[in-house]
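Could you build all of it, start to finish, from the sequences and the hints given here?
Protein sequences, first through last, are from chains X and D. So in our numbering, spot 188 of the first sequence is number 189, and the numbers just go up one at a time. So in our numbering, spot 35 of the second sequence is number 36, and the numbers just go up one at a time.
If you're looking for bench data, these hints aren't it; they were derived computationally from the structure. What you are looking at is a predicted structure, and each value in this text was computed from that prediction instead of being measured. For each residue, glycine too, the CB sits at the ideal point set by N, CA and C. Mixed in with the good hints there might be a few duds.
Label-pair restraints from in silico Cβ distances [as the list claims (entries may be wrong)]:
| id | chain 1 | residue 1 | chain 2 | residue 2 | range |
| --- | --- | --- | --- | --- | --- |
| 1 | D | Gly340 | X | Arg257 | 26 to 34 Å |
| 2 | X | Gly251 | D | Ser303 | 53 to 61 Å |
| 3 | D | Val300 | X | Lys217 | 28 to 36 Å |
| 4 | D | Arg96 | X | Gly354 | 25 to 33 Å |
| 5 | X | Gly388 | D | Lys108 | 34 to 42 Å |
| 6 | D | Lys57 | X | Gly388 | 15 to 23 Å |
| 7 | X | Gly136 | D | Val300 | 41 to 49 Å |
| 8 | X | Arg257 | D | Ala70 | 53 to 61 Å |
| 9 | X | Lys377 | D | Tyr34 | 53 to 61 Å |
| 10 | X | Lys57 | D | Lys172 | 48 to 56 Å |
| 11 | X | Pro342 | D | Gly340 | 17 to 25 Å |
2 protein chains.
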Amino acid sequence: MSTAVSPLAPNDFPEMPAIAGVKLAAASAGIRYKGRTDLLLAVMDSGTAVAGVFTKSKCPSAPVEWCRAKLGRGEARALVVNSGNANAFTGNTGRQATKLTAEIAAKALRCKPAEVFLASTGVIGEPLDATKFDGVLATLAEQAAPGEWMNAAKAIMTTDTFPKVATATVKLGKAKVTINGVAKGAGMIAPDMATLLAFVFTDAPITAGALQSLLKDGVEDTFNAVTIDGDTSTSDTLLAFATGAAAANGAPKISRAGDPRLKAFTRSLRDVLADLAEQVARDGEGARKLVEIIVEGAVSKSSARKIAMSVANSPLVKTAIGGEDANWGRVVMAVGKAGEPANRDKLSIWFNGIRVAKSGARDPCYDEAEVSNAMKNPKIQIKIALGLGKGRDRVLTCDLTKEYVAINGDYRS
Amino acid sequence: MSTAVSPLAPNDFPEMPAIAGVKLAAASAGIRYKGRTDLLLAVMDSGTAVAGVFTKSKCPSAPVEWCRAKLGRGEARALVVNSGNANAFTGNTGRQATKLTAEIAAKALRCKPAEVFLASTGVIGEPLDATKFDGVLATLAEQAAPGEWMNAAKAIMTTDTFPKVATATVKLGKAKVTINGVAKGAGMIAPDMATLLAFVFTDAPITAGALQSLLKDGVEDTFNAVTIDGDTSTSDTLLAFATGAAAANGAPKISRAGDPRLKAFTRSLRDVLADLAEQVARDGEGARKLVEIIVEGAVSKSSARKIAMSVANSPLVKTAIGGEDANWGRVVMAVGKAGEPANRDKLSIWFNGIRVAKSGARDPCYDEAEVSNAMKNPKIQIKIALGLGKGRDRVLTCDLTKEYVAINGDYRS
Numbered sequence: 002m003s004t005a006v007s008p009l010a011p012n013d014f015p016e017m018p019a020i021a022g023v024k025l026a027a028a029s030a031g032i033r034y035k036g037r038t039d040l041l042l043a044v045m046d047s048g049t050a051v052a053g054v055f056t057k058s059k060c061p062s063a064p065v066e067w068c069r070a071k072l073g074r075g076e077a078r079a080l081v082v083n084s085g086n087a088n089a090f091t092g093n094t095g096r097q098a099t100k101l102t103a104e105i106a107a108k109a110l111r112c113k114p115a116e117v118f119l120a121s122t123g124v125i126g127e128p129l130d131a132t133k134f135d136g137v138l139a140t141l142a143e144q145a146a147p148g149e150w151m152n153a154a155k156a157i158m159t160t161d162t163f164p165k166v167a168t169a170t171v172k173l174g175k176a177k178v179t180i181n182g183v184a185k186g187a188g189m190i191a192p193d194m195a196t197l198l199a200f201v202f203t204d205a206p207i208t209a210g211a212l213q214s215l216l217k218d219g220v221e222d223t224f225n226a227v228t229i230d231g232d233t234s235t236s237d238t239l240l241a242f243a244t245g246a247a248a249a250n251g252a253p254k255i256s257r258a259g260d261p262r263l264k265a266f267t268r269s270l271r272d273v274l275a276d277l278a279e280q281v282a283r284d285g286e287g288a289r290k291l292v293e294i295i296v297e298g299a300v301s302k303s304s305a306r307k308i309a310m311s312v313a314n315s316p317l318v319k320t321a322i323g324g325e326d327a328n329w330g331r332v333v334m335a336v337g338k339a340g341e342p343a344n345r346d347k348l349s350i351w352f353n354g355i356r357v358a359k360s361g362a363r364d365p366c367y368d369e370a371e372v373s374n375a376m377k378n379p380k381i382q383i384k385i386a387l388g389l390g391k392g393r394d395r396v397l398t399c400d401l402t403k404e405y406v407a408i409n410g411d412y413r414s
Numbered sequence: 002m003s004t005a006v007s008p009l010a011p012n013d014f015p016e017m018p019a020i021a022g023v024k025l026a027a028a029s030a031g032i033r034y035k036g037r038t039d040l041l042l043a044v045m046d047s048g049t050a051v052a053g054v055f056t057k058s059k060c061p062s063a064p065v066e067w068c069r070a071k072l073g074r075g076e077a078r079a080l081v082v083n084s085g086n087a088n089a090f091t092g093n094t095g096r097q098a099t100k101l102t103a104e105i106a107a108k109a110l111r112c113k114p115a116e117v118f119l120a121s122t123g124v125i126g127e128p129l130d131a132t133k134f135d136g137v138l139a140t141l142a143e144q145a146a147p148g149e150w151m152n153a154a155k156a157i158m159t160t161d162t163f164p165k166v167a168t169a170t171v172k173l174g175k176a177k178v179t180i181n182g183v184a185k186g187a188g189m190i191a192p193d194m195a196t197l198l199a200f201v202f203t204d205a206p207i208t209a210g211a212l213q214s215l216l217k218d219g220v221e222d223t224f225n226a227v228t229i230d231g232d233t234s235t236s237d238t239l240l241a242f243a244t245g246a247a248a249a250n251g252a253p254k255i256s257r258a259g260d261p262r263l264k265a266f267t268r269s270l271r272d273v274l275a276d277l278a279e280q281v282a283r284d285g286e287g288a289r290k291l292v293e294i295i296v297e298g299a300v301s302k303s304s305a306r307k308i309a310m311s312v313a314n315s316p317l318v319k320t321a322i323g324g325e326d327a328n329w330g331r332v333v334m335a336v337g338k339a340g341e342p343a344n345r346d347k348l349s350i351w352f353n354g355i356r357v358a359k360s361g362a363r364d365p366c367y368d369e370a371e372v373s374n375a376m377k378n379p380k381i382q383i384k385i386a387l388g389l390g391k392g393r394d395r396v397l398t399c400d401l402t403k404e405y406v407a408i409n410g411d412y413r414s
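Following this line, the structure appears as structure tokens:
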């Protein structure tokens with residue numbers, strides 16, 4: 002398996018400011034990987050509100066079930082994330098592992114186990130030995146510090162080739178509030194609620210109910226509009242934590258997602274989610290091209306989404322892009338198989354702004370050399386105009402390369 | 002692109018008997034390939050009944066539209082198939098090309114253009130120059146002979162590595178009738194009605210209406226239960242021709258699919274379709290493993306089909322099998338994402354008869370060495386028991402290898 006960083010990785014990482022009320026620490030618990038961290042503890046001040054969205058898989062992981070059950074309380078004091086083992090399809094052993102992990106963290110932090118949120122990522126079906134967290138979580142609780150964002154992002158990586166962080170600072174009332182996010186992605190990415198794992202923290206004083214609404218709306222065009230391989234994980238988890246610490250600086254307390262004072266915050270939250278989601282696409286397993294699919298002229302937005310996803314998940318479209326081939330015939334195929342309204346004779350297609358097909362046939366001005374040259378770009382935009390209505394949507398994905406096959410042909414062994 | 006024959010190819014090909022009333026010939030028309038045949042003409046006696054099922058793509062090819070329009074007549078005198086160019090997404094030029102091809106064939110055979118059925122396979126979006134068929138179809142009409150089945154199967158290949166033929170002989174009344182089939186597959190295979198191209202011929206005297214019913218029923222558990230990459234072609238075409246010549250030997254004329262005298266014929270037709278469909282899976286692009294997915298205990302057959310297809314189309318399951326890794330965690334993932342009723346804690350999974358997961362967790366008797374050894378087999382059966390109901394289904398697919406990516410990263414160029 003290659004350990005080279007994705008050529009689509011961002012050139013630099015943002016400075017991640019501290020979030021009042023949040024401290025982080027990472028360690029090596031020896032779950033699976035050697036010579037790297039695999040355990041993250043985030044400690045939040047009391048009074049922190051929590052919201053979350055999760056995989057729609059019918060076979061969710063034990064930590065997903067744990068979080069769902071605890072979310073109703075709306076309060077969080079800690080987040081524990083391990084990489085290397087997903088604690089999924091582990092039966093009763095898996096449930097016991099989540100309980101034990103939460104109890105160990107709760108003891109270290111003197112909080113309730115139900116205030117500890119959990120996520121696990123890695124191999125499915127292997128029992129997770131939570132006794133490995135005993136001791137190390139207590140140490141992490143002592144070490145936790147406000148500036149450890151990059152280390153947090155690194156500890157949750159699996160086949161990711163770079164850590165994923167994003168930040169935004171925005172006014173809430175007259176006070177400045179901050180939103181920080183970390184995520185991991187790579188493979189088994191076709192989120193139906195959130196990506197594999199993403200965590201967002203803010204010092205804004207927002208109730209759990211309002212935060213839940215913001216998060217649900219926020220994922221729709223960000224994490225839910227990304228696909229690497231069409232395979233939806235058992236572990237998809239996006240959690241958001243609002244410590245409320247900015248209230249001390251005069252930030253108003255918000256209890257409704259529709260509160261007009263939240264406008265700038267809502268936009269910034271969406272920006273952070275979109276930034277992380279794009280980074281997930283940029284780090285798709287084996288990715289060499291970032292691919293943006295834009296569908297317009299569909300009968301509705303949801304129809305445009307289905308068509309965009311059909312194109313984004315087509316192995317033939319993805320391998321063609323990997324081969325720098327503007328094979329718009331395969332785009333037509335993927336539009337045709339989506340099952341959504343489409344009229345072949347009204348269809349037009351662009352690759353990176355160059356129209357290659359118009360009204361159901363090759364563009365009369367088609368120039369193979371010009372298009373081939375455009376395909377060398379590391380970012381490929383495929384725009385599809387259906388000519389039926391006003392529905393529009395956008396999905397991000399990446400190409401399908403031999404490297405994806407290599408990574409996934411020997412991941413478990 | 003590799004030209005090696007699939008390691009899953011059959012060891013030998015059946016002797017293909019003649020079908021009274023059918024003559025075949027193949028030639029090189031220079032559509033795209035060099036040094037091989039790319040044009041097939043099948044000539045049928047007058048009175049031949051025809052039936053067909055086609056892609057459900059919203060962007061079907063011009064030949065698919067031609068066949069659909071002519072099928073209502075129920076009579077066929079000729080079939081013209083070219084490989085190398087799909088004549089799909091070619092606008093009005095494409096429609097003119099189908100018309101011209103039919104006219105050229107009709108002139109050579111002194112029949113009506115509407116009695117000529119057409120199929121094209123190959124690149125999408127390139128105009129097909131039908132004037133290339135002028136002359137060569139007249140020559141083929143003269144050369145056509147009853148024994149040319151292997152040459153017919155070779156002429157319609159694209160990225161197929163071996164020709165696909167199947168035959169069955171069965172009693173109809175007291176007479177012996179024969180069913181011969183040829184097919185091509187390889188990539189863009191997720192038939193929703195038929196595979197890329199398949200043609201079945203019989204001398205049985207069956208009306209077009211009855212033949213249509215038989216064909217529609219026959220594809221359900223054969224071609225429709227095969228997937229290579231989840232990409233549905235614009236050109237999927239399965240045509241069946243019944244010359245009726247066996248009536249001269251005393252075969253009864255059949256006008257209803259439900260006629261009890263058809264029982265053995267119906268079973269044999271299904272066998273021929275199933276044989277061709279399995280050959281398509283054995284020749285999936287880059288395939289090294291034939292994969293059979295069996296789902297049982299689902300709430301219904303259609304639910305079992307959806308779950309089996311979700312597993313069969315999962316890139317992570319397919320790459321794991323390519324890597325000889327019994328990664329049943331990914332099978333759980335694919336069951337979970339199918340959106341069909343499933344209860345994680347009732348799920349059991351077998352690889353080649355070895356139970357690896359039971360009641361939602363790893364089988365207590367799991368033996369990695371035993372399972373790893375079983376994964377070396379060129380045929381892999383994954384059985385999934387859901388424990389919910391009596392719904393059962395079976396789907397065939399193949400593994401996903403670097404060769405698939407290589408073939409499809411440079412197919413057009």
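Cross-check of the supplied hints:
Here the CB-CB span from glycine 340/D to arginine 257/X is close to 33 Å, well matched to the stated 26 to 34 Å. For the pair glycine 251/X and serine 303/D, the beta carbons lie near 59 Å from each other, so the given range of 53 to 61 Å is met. The beta-carbon spacing between valine 300/D and lysine 217/X, approximately 29 Å, falls within the hinted interval of 28 to 36 Å. Here the CB-CB span from arginine 96/D to glycine 354/X is close to 30 Å, well matched to the stated 25 to 33 Å.
A hinted range of 34 to 42 Å for the beta carbons of glycine 388/X and lysine 108/D is consistent with their spacing of about 38 Å. Taking 15 to 23 Å as the suggested C-beta distance range, the pair lysine 57/D and glycine 388/X conforms, at roughly 21 Å. Checking the proposed 41 to 49 Å range against glycine 136/X and valine 300/D shows it holds: the Cβ atoms sit about 47 Å from each other. For arginine 257/X and alanine 70/D, the hinted distance range of 53 to 61 Å is satisfied, since their beta carbons lie about 59 Å from each other.
For the pair lysine 377/X and tyrosine 34/D, the supplied restraint of 53 to 61 Å is violated, since their beta-carbon distance comes to about 28 Å. In this structure, lysine 57/X and lysine 172/D meet the distance hint of 48 to 56 Å, their C-beta atoms being roughly 52 Å apart. Evaluation of the 17 to 25 Å hint for proline 342/X and glycine 340/D yields a pass: the beta carbon distance comes to about 22 Å.
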